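Asker: Chain residues, written in single-letter form:
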Amino acid sequence: MIKKTLVAAVAAALTFSAAQAFAQSRSQIRIVGSSTVFPFSTAVAEQFGRTTNFKTPVVESTGSGGGLKLFCAGVGVGHPDITNSSRRIKISEFEKCTKVGITITEVKIGFDGIVLANSKSSPPLVLTKKQIYQALAKEVPMGGKMVPNPYQKWSDIDPSLPNAKIEVLGPPPTSGTRDAFVELAMEGGAKGFDGLEALRKADKKAFKAAAHAIREDGAYVEAGENDNLIVQKLEANPNAIGIFGFSFLDQNADKIQGALIGGVEPSFENIAAGEYGISRSMYFYVKKEHVGVIPGIAEYVAEFTSEKASGEEGYLTDKGLIPLPAAERKTVRSGAMKLAPLTM
Amino acid sequence: MTDVIAPGPARKTDLSAKRLKRRYAAEARFRAYGLLAILAAVAVLGLLLSSVVIRGYTAFTQTEIAFEIHFDQEVIDPEGSRDPATLAQGDYQLLVKRALYELFPEVTKRREKRRLAGLVSSGAGFTLRAMVTDDADLIGRRQKVWVKSSDDVDSFVKGFIDRDLPAADRRIKDDEIAWIDALANRGDVATRFNSTFFTTGDSREPEQAGILGAAVGSFLTLVVTLLLSFPLGVLAAVYLEEFAPKNRWTDLIEVNINNLAAVPSIIFGLLGLAVFLNFMGLPRSAPLVGGMVLALMTLPTVIIAARAAFASVPPSIREAALGIGASKLQTVTHHVLPLALPGVLTGTIIGMARALGETAPLLLIGMVAFVVDIPGSLSDPATVLPVQIYIWVDSPERAFVAKTGAAIMVLLAFLIAMNALAVVLRKRFERRW
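Order-wise, the sequence lines are chains Y and D. First residue of the first sequence? That's 40 in our numbering, and the numbers climb one at a time after it. First residue of the second sequence? That's -6 in our numbering, and the numbers climb one at a time after it.
These are calculated hints, taken from the structure and not from any lab test. A few of these clues could be false.
Claimed, not checked - When the alpha-carbon atoms are kept at most 30 angstroms apart in a straight line, the in silico DSSO-like pairs for lysine-lysine are as follows:
{"#": "1", "chain 1": "Y", "residue 1": "Lys347", "chain 2": "D", "residue 2": "Lys137"}
{"#": "2", "chain 1": "Y", "residue 1": "Lys184", "chain 2": "Y", "residue 2": "Lys168"}
{"#": "3", "chain 1": "D", "residue 1": "Lys137", "chain 2": "Y", "residue 2": "Lys159"}
None of these values were measured; they are calculated from a predicted model.
All chains, full assembly: derive it from the sequences and hints.
Answerer: What follows is the structure, given as C-alpha cells:
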C-alpha cells in the first residue's frame, strides 16, 4: 500500500517536472555575477521588491567571470537578465555576447577600494606599491636580474617598516578582488623598477607574468573568499596583514585599520576622489532584449542608478559603496535609462 | 620474577594474583582510554555547540524603540481616497523620521539628522504600512509604536559595542549614544523576542533578515529528494538483493554503486546543470531541481543501506515463507521488507541528513542566491539552510554574525527533528526474532 502511494507520488512529481519544462515565462528578474557587487545588488533588489509591485529579483553570486559566461549564453527566459561585474567586460566576452544576439547596456555603479589592513593593536602601516610588490612577488629584481623573493621580514625591504615577519592573508586566484589587487597594486609596484618598466615596454606578456606572480613560500596565505574570517584572524595575530574590500574595513573600524598606500589613507573620501591607489570600478550589464519581456528590468535599473540608492547619501553608501562623482552619475543614469547599447 | 625462591603453593597464588592484577590494570586502562575518547568527543562537541549558541542566541531578540508617530494624512493619503494602492505607496519612513526629529528638536544639521534617522531600521516604514493597511482609521491619529532599531543600535544595546572606545573606532558615535540613552531613560528602548527571524525571508538588513525562506526551501528540496530516492533506492536494493542473478553484470553494478556513494557531491551538481537545466530546461534555483540533484547524490547511500538491511534478514524466514507456499514476491513484500524496514529507514535518514547539509551541488544549479520571497511551490526560486548560513557569514555587517549562529541552531534543530523521526519509525517497525 505504502509503496503504491510512493510510486504514484513519484509519477506525479515527474509529470509536474515535465509540465514545468513548458512554462515559458518568468515573473522575476534574475541577476548573476560578482561577489563584490553582490551586497549592493541584493540591497537594491530588496528595496525594489518592497517598494514596487514587482517580485523581488533573485541574485546569485557567481563571480564576475562566471556571471558574464551565464549572461552571454543566450537570449530567453532561461538566461539571466543582468550580470554584476567588479571589472569591465572583456572584448572576448563582448564578442561572445553579440554573437548570440545580445545587446548590452553597461551601467557603472561606483568604486570599491581594496585595502591592506592590520589589527588595531599594532601601529598602522605606511606602504608604497613598490614595497607591496617586493613583499609579495614570487621573484623580485635584485642587482639587475630576477631572484626568488628573499624578503622574510618587512624591515628587510625597508628599515622604516616594522621588524615583523611578512604574513599576508589574501584572496585566492579565483577571486575578482585578487585580480584587481594584482593589477593595481602588484603591477603598479613592478612599474617602479627600471628593469621591469623596460620589460613592460618591450614585452607586455613577460611583464605581466613577472608582476602577477605571487610568492608561494608561505608569506602569502590564501585565506579564502570569506573576508569576515580574515578580519578574525587579523584580530588574533597582530603581525598579519589582510587584503579585502573597503566595506569590511568600514564595518570593522573598531578592530582593524587600513594601511596608507603611497601616503594616502583608505577612506571614503580618498577613494571617491580617486586619490587612493588601489581602487576599481564596479559595473552591471543589462540584456536589452529582456527589457519588456521580463517585468521590471527598466525599473530596477532606475532604482539602482537613483540618487536614493547610489548617490552620495544613498542607502548603498551605508553598505560601503563609494559613489561616482556627481557629473558622472548623471551621465551614467541617463545612459542607463535610455538603455544605450555598449560598443567596444 | 624476583620471588621464585618462595615456597610452592604461596608462589602459585602470588603469581596468579599478580597476573590478575595486571589484567585488571590493563582492563582499567582500556576502559579509561575509551572514556577519554568519549570525553574528548563530548568536549569538542560542547565547545562547538556552545560557541554557536553564545554567538547566536542574541539573534533571537531584537532591540525595539518606541515613539509617538503621527499618521499624517498629508503623507500617507493626501487625497483622502483610502485607496489601498495609494496607502501602499506612502512614504512611511518619513513619518518615523519626523517623529524622531520631533523628539530631538535640537538636531538641525543635515548629517546629524541623517544619523538620528539611522537609529531605526530602514524597514520601520513597512511596520507602519502594515498597521495602516490593517486599520485605515489610524490615519490622522497619533499613536505610540514600537519599531525595530537599526542593527548597529541593536549591537550597542546588546553590549557588543564598547562605549569606552574612542569615537572614531565605534560605529555608534557619541551623539547617537546620547539619543539612545535619552530614549532608554524614558523606557522607550526594549529588547524583545525577534519574531521576524522566524517569519520572513532573507534581507540585506540584519534586523529584517529571517530564516523562514531558507527553511521552506530546505523542506521542499528534501521532500523531492525523499520522494525520488526512497522508492528508487528500495526497489533497486530489493531487486539486487532478492531477485538478481549473481553474475558479472550485477557485480559490475554493485561496484559502481559503491563508487558512486563516494563521488564528491559537486559532480552531481555538474550533472544536474547539464541534464536538468540545460537539456530538460527546468527552472534555475528551483527546489525541484535541487531535490533531484540531491536525490541522485543520496541514492547510492540508500541502496547500500537497504541492501545491508535485506541481507541481515535471516534466510530461515525466507525459506519458511517459501516452504509454506508463498511466492517470491509475497516473501519479499510480506516478510523481508517489513523486517528490513528499520535498517532501510536509518540509511535513508542518514542520506537525507547529508543532503540537508549540502551546498556544493546547489551552487551550480543556482540555489546559492539571495532570495527574499518565501518559495510557494517547487518551481519558485529558493535557497536552503546551509546556503543561508554561508551567505550570512560572508556579509560585512557585524550583526550577521549572530544571525549565522542562530541559523546554525535552526539547521541543527531540523537535523535533530529528522533523526528523532528516524528513531521513532525504527522503534515502531523494529521486530526481534
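Asker: All hints, please: hold or fail.
Answerer: Status of the hints after comparison with the structure:
1. Lys347(Y) <-> Lys137(D): Distance of about 28 angstroms is within 30 angstroms: holds.
2. Lys184(Y) <-> Lys168(Y): 20 angstroms, holds
3. Lys137(D) <-> Lys159(Y): Since the Cα atoms of Lys137(D) and Lys159(Y) sit roughly 42 angstroms apart, the hinted pair is violated (cutoff 30 angstroms).
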